[in-house]
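Protein chains: 2
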Amino acid sequence: MTIKDIAEICNVSISTVSRAMNDAPGINSETRKRIMKMVDELNYVPNNSARNLKRTYSHMAAIMVKGFNNPFFQSMLPYFQKGFDDAGFQYIIHFINEEADEAYEAEKLVKEKKLRGIIFLGGRMQDPQVVMRRIQVPCVLCSVAGSYEEYASSPLPYVSIDDTEEAARVVDYLCSRGHRKIAIIAGRRDDTTVALHRLNGYRRALGAHGIGFDEDLVGYMHTDIPEYTEASGYAAAMDLLCRGREFTAFFVISDRMAMGVYKAVYDFGKRVPEDYSVVGFDGIESTRYMTPALTTMAQPAEKMVQSSVDMLMMQIEGEKVTKHELYQTQLCERESVKSLP
Amino acid sequence: MTIKDIAEICNVSISTVSRAMNDAPGINSETRKRIMKMVDELNYVPNNSARNLKRTYSHMAAIMVKGFNNPFFQSMLPYFQKGFDDAGFQYIIHFINEEADEAYEAEKLVKEKKLRGIIFLGGRMQDPQVVMRRIQVPCVLCSVAGSYEEYASSPLPYVSIDDTEEAARVVDYLCSRGHRKIAIIAGRRDDTTVALHRLNGYRRALGAHGIGFDEDLVGYMHTDIPEYTEASGYAAAMDLLCRGREFTAFFVISDRMAMGVYKAVYDFGKRVPEDYSVVGFDGIESTRYMTPALTTMAQPAEKMVQSSVDMLMMQIEGEKVTKHELYQTQLCERESVKSLP
DNA sequence: TTGTATGCGTTATCAC
DNA sequence: GTGATAACGCATACAA
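Note that the protein sequences, when read in sequence, are chains A and B. Residues 97 to 437, numbered by the working numbering, are exactly what the first sequence covers, in order. Residues 97 to 437, numbered by the working numbering, are exactly what the second sequence covers, in order.
If you're looking for bench data, these hints aren't it; they were derived computationally from the structure. On a predicted model such as this, the values are computed, not experimentally measured, just so you know. Just to be clear, a hint being listed does not mean it is correct.
The list that follows gives simulated cross-link-like pairs (lysine-lysine, DSS-like), each with its CA atoms no further than 27 angstroms apart [what the hints assert, rightly or not]:
| no. | chain 1 | residue 1 | chain 2 | residue 2 |
| --- | --- | --- | --- | --- |
| 1 | B | K100 | A | K210 |
| 2 | B | K150 | A | K100 |
| 3 | A | K178 | B | K204 |
| 4 | A | K178 | A | K210 |
| 5 | B | K129 | B | K100 |
| 6 | A | K210 | A | K366 |
| 7 | A | K178 | A | K416 |
| 8 | B | K129 | A | K204 |
| 9 | B | K366 | A | K100 |
| 10 | A | K210 | B | K210 |
| 11 | A | K204 | A | K366 |
| 12 | A | K100 | B | K178 |
| 13 | A | K133 | B | K204 |
| 14 | A | K204 | B | K150 |
| 15 | B | K204 | A | K210 |
| 16 | B | K210 | A | K150 |
| 17 | B | K204 | B | K150 |
| 18 | B | K399 | B | K419 |
| 19 | B | K366 | A | K366 |
| 20 | B | K150 | A | K210 |
| 21 | A | K204 | B | K399 |
| 22 | B | K178 | B | K399 |
| 23 | B | K129 | B | K178 |
| 24 | B | K100 | A | K204 |
| 25 | B | K399 | B | K416 |
| 26 | A | K133 | A | K100 |
| 27 | A | K100 | A | K150 |
| 28 | A | K150 | B | K434 |
| 29 | B | K150 | A | K150 |
| 30 | B | K178 | A | K366 |
| 31 | B | K204 | A | K129 |
| 32 | B | K419 | B | K204 |
| 33 | B | K204 | A | K204 |
| 34 | A | K399 | A | K178 |
| 35 | B | K100 | B | K210 |
Hey, can you work out the whole structure from these sequences and the hints?
Written out as structure tokens, the structure reads:
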């Protein structure tokens, strides 16, 4: 069933059918009605490949999400919906897994769908410089790994938080509550993404407070457990606990892992926050439902999304934007941190 | 940059480039190497739309997931990866939201990508009969709503659990622990998917145990809160608690909601399982990390996935399969249920 | 307002 | 082993 079949059945040419299907101007409304009725009846669905091949441009953008099981990204999705709806753009969400090369995937998608723009969510740009050249359409990096210095010279606009800085603030907060021996549940040992930046921030803040960095207070994610899951948080925390080093608080670099940390503490025969305080990172909804409710650094998901969409649309409309938007996190004080004398 | 450019640069015809790109037989391996080197250097990416338009068939299937925030489906994804890899098939995962029409989306996707088969995950088939006629390629329904009776006559193969039966087993279990006044956290009032079946199972089991059905012991999800989230579980449970009816246990139709139920119980000044027992449904990993660890009915995700993939591949290979595979859940007894005298 | 013709970038089918 | 060339299904410039 192609456009040709419909044309024959309706006794019109294929261009007329095409016009009807695309709400094109210059077609008798009776003809259109007649055609659309047939289309509906015969259940004709135009072939998107042919469409995309022919079309000069679309009104479509894409969000390329790296991190299937990152609930923070998931929480952003509804805001993207709103943002693109308001902008009158359609969009597709494309998930890729950790090993995939986002730049390559993006390039394919752009060509296939004649995308007008693309927003990268998560992951890490190995070489932001070349990405743009390859992609050929405007992009925005959102929550993509990279220190300020790293991207400062890049023409790629991005919105994110300063992971180093914000991680440092977590340590500052814990110190303000009297904690001095602070452990961190970090990424994998070889991580080069946000996990590394948060670890760096932790180190830096420790130094600023005159506390020595102790490698034994770092719990790395295991390489054989899916990243950023409860299980990975549990394993890393259990490692730490079993080392026997003394400490009073956990800084967990992602909320979902914090749930595993809670469990590890309990299984170790201790309690949160009486024996160990815990601070998470991201500010996802479900942390409200943990017991005790998790104190966490919340990223302003809605603002970050709106800003990303705005920056993309501005570029699509021809403006040159190379802005680097860094948002601040907000501390959500709940019940998982105990004040020390 | 098209196949034509590559051909010109390499001084060969486009057919030769095509052959090189597709590992086609009948091409000098030196020529291929030379071409591929150029392709790599110039970063040429073939246009998928053109490919899909022309190709007679692919080695690709799709999984159409309805339910962005259903962690049970998410937990199935790695198994699909394994299943399709073993079968030598590529696949794409396509998420659609609750309002979308999966049959229509599938039809579009099949045409666009020349898919060989499609697995539906979640949602509800309004009319399984017509779906096949429209889709034109083999499909398998996995965890799609529908009672046994409903699909019994359908030629569409599906794998799932008997939601009614398994929900009844939860009630049986609670009764065996001495509970008689059992509340349920159900779907929305107008639900017609698995949530309804689980509610029906609950009713049926109640009857079998000589317990009257009490509408006041049903907590429906609010329509203004995203389905199956912690927040929806919390709201529904709070409703229930505030009604003042006496009861001793919650049957929560999905694990993620159970987390909200815990919180509601605590906020109400009660404890799990001392004051209220809780049983979840799905068996997702994170339930292990709840405190107390959630007792839940686990669906055999891996088996269900493997079975779905097998049934799809069999069909693709030409066999006619109309099997209806119903799996049993397994009770994971943990710490959230108290035995009553 | 409608129809005709062309080409989008690729694969498939021939010839050579 | 390689090269022409005809589709694939559609949108669109142009003619009618």
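Against the structure, the hints:
| no. | hint | verdict |
| --- | --- | --- |
| 1 | K100(B) <-> K210(A) | holds, 19 angstroms |
| 2 | K150(B) <-> K100(A) | holds, 17 angstroms |
| 3 | K178(A) <-> K204(B) | holds, 24 angstroms |
| 4 | K178(A) <-> K210(A) | holds, 22 angstroms |
| 5 | K129(B) <-> K100(B) | holds, 17 angstroms |
| 6 | K210(A) <-> K366(A) | violated, 56 angstroms |
| 7 | K178(A) <-> K416(A) | holds, 24 angstroms |
| 8 | K129(B) <-> K204(A) | holds, 22 angstroms |
| 9 | K366(B) <-> K100(A) | violated, 68 angstroms |
| 10 | K210(A) <-> K210(B) | holds, 19 angstroms |
| 11 | K204(A) <-> K366(A) | violated, 51 angstroms |
| 12 | K100(A) <-> K178(B) | violated, 41 angstroms |
| 13 | K133(A) <-> K204(B) | holds, 19 angstroms |
| 14 | K204(A) <-> K150(B) | holds, 17 angstroms |
| 15 | K204(B) <-> K210(A) | holds, 17 angstroms |
| 16 | K210(B) <-> K150(A) | holds, 18 angstroms |
| 17 | K204(B) <-> K150(B) | holds, 16 angstroms |
| 18 | K399(B) <-> K419(B) | holds, 15 angstroms |
| 19 | K366(B) <-> K366(A) | holds, 22 angstroms |
| 20 | K150(B) <-> K210(A) | holds, 18 angstroms |
| 21 | K204(A) <-> K399(B) | violated, 34 angstroms |
| 22 | K178(B) <-> K399(B) | holds, 12 angstroms |
| 23 | K129(B) <-> K178(B) | violated, 31 angstroms |
| 24 | K100(B) <-> K204(A) | holds, 18 angstroms |
| 25 | K399(B) <-> K416(B) | holds, 21 angstroms |
| 26 | K133(A) <-> K100(A) | holds, 16 angstroms |
| 27 | K100(A) <-> K150(A) | holds, 16 angstroms |
| 28 | K150(A) <-> K434(B) | violated, 65 angstroms |
| 29 | K150(B) <-> K150(A) | holds, 14 angstroms |
| 30 | K178(B) <-> K366(A) | violated, 39 angstroms |
| 31 | K204(B) <-> K129(A) | holds, 22 angstroms |
| 32 | K419(B) <-> K204(B) | holds, 26 angstroms |
| 33 | K204(B) <-> K204(A) | holds, 19 angstroms |
| 34 | K399(A) <-> K178(A) | holds, 12 angstroms |
| 35 | K100(B) <-> K210(B) | holds, 24 angstroms |
Checked against the numbered hints given earlier, the structure breaks hints 6, 9, 11, 12, 21, 23, 28 and 30 and satisfies all the rest.
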